[in-house]
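Undergrad: Based on the provided sequences and hints, a complete structural model is requested.
For the sequence shown, our numbering assigns the number 1 to the initial residue and increments by one for each residue that follows.
Keep in mind that the hints were calculated from the coordinates and are not lab data.
Don't take each hint at face value.
[As the list claims (entries may be wrong)] Ranges between beta-carbon positions, derived for each pair:
| hint | residue 1 | residue 2 | range |
| --- | --- | --- | --- |
| 1 | 62 | 118 | 30 to 36 Å |
| 2 | 95 | 44 | 31 to 37 Å |
| 3 | 11 | 53 | 16 to 22 Å |
| 4 | 80 | 101 | 17 to 23 Å |
| 5 | 115 | 59 | 32 to 38 Å |
| 6 | 55 | 23 | 20 to 26 Å |
| 7 | 80 | 58 | 28 to 34 Å |
| 8 | 104 | 9 | 26 to 32 Å |
[As the list claims (entries may be wrong)] Below, simulated DSBU-like cross-link-like pairs (lysine-lysine); rule was C-alpha separation at most 35 Å, straight line:
| hint | residue 1 | residue 2 |
| --- | --- | --- |
| 9 | 28 | 115 |
| 10 | 67 | 55 |
| 11 | 28 | 67 |
| 12 | 58 | 115 |
| 13 | 54 | 115 |
| 14 | 54 | 28 |
| 15 | 54 | 67 |
| 16 | 115 | 67 |
| 17 | 58 | 28 |
| 18 | 115 | 55 |
| 19 | 28 | 55 |
A virtual CB, placed ideally from N, CA and C, is assigned to each residue, including glycine.
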Amino acid sequence: MKPFPFRRQQRLLNARDYTQVFDHTEAKISHSCFLILARRSPQPTARIGLIAAKKHLKHAVDRNRFKRITRESFRLHQQQLTGIELIVMARSGALTATPAELRLALDQAWPRLCKRLAPVQTPDTPPSAC
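TA: Below, the structure is given as structure tokens:
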């Protein structure tokens, strides 16, 4: 078994889940390859939704590659992202990026996202994971 599994409860599964993130976005991370929209979640686990439109990635091979790399990066960083629901949307720059470049950009985006969604610390509250 993988040390960081990617289970069904870690995915946004229906239109209502996606709408919640779109309507209540608290943080955005922009890159030429992707756009990340995120919000704090009442659930303790991080949840991700992926959007790879034909408009930006014409071939199914490219859309699947983008989603596979994004899921893998999310899976390895899920411990940092506890209590966050996010959507990663592909942009046209993802077509020209190599898998290594895309992975590096995602790996650098997760800590930035955590920093933007970090709650304001008061002396009475314990620090959170993210």
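Undergrad: Determine for every hint whether it applies to the structure shown.
TA: A quick look at each hint next to the structure:
{"no.": "1", "hint": "62 to 118: 30 to 36 Å", "verdict": "holds (34 Å)"}
{"no.": "2", "hint": "95 to 44: 31 to 37 Å", "verdict": "holds (35 Å)"}
{"no.": "3", "hint": "11 to 53: 16 to 22 Å", "verdict": "holds (18 Å)"}
{"no.": "4", "hint": "80 to 101: 17 to 23 Å", "verdict": "holds (21 Å)"}
{"no.": "5", "hint": "115 to 59: 32 to 38 Å", "verdict": "holds (35 Å)"}
{"no.": "6", "hint": "55 to 23: 20 to 26 Å", "verdict": "holds (22 Å)"}
{"no.": "7", "hint": "80 to 58: 28 to 34 Å", "verdict": "holds (33 Å)"}
{"no.": "8", "hint": "104 to 9: 26 to 32 Å", "verdict": "holds (28 Å)"}
{"no.": "9", "hint": "28 to 115", "verdict": "holds (11 Å)"}
{"no.": "10", "hint": "67 to 55", "verdict": "holds (15 Å)"}
{"no.": "11", "hint": "28 to 67", "verdict": "holds (19 Å)"}
{"no.": "12", "hint": "58 to 115", "verdict": "holds (33 Å)"}
{"no.": "13", "hint": "54 to 115", "verdict": "holds (31 Å)"}
{"no.": "14", "hint": "54 to 28", "verdict": "holds (22 Å)"}
{"no.": "15", "hint": "54 to 67", "verdict": "holds (13 Å)"}
{"no.": "16", "hint": "115 to 67", "verdict": "holds (24 Å)"}
{"no.": "17", "hint": "58 to 28", "verdict": "holds (25 Å)"}
{"no.": "18", "hint": "115 to 55", "verdict": "holds (31 Å)"}
{"no.": "19", "hint": "28 to 55", "verdict": "holds (21 Å)"}
When each numbered hint is compared with the structure, no violation occurs for any of them.
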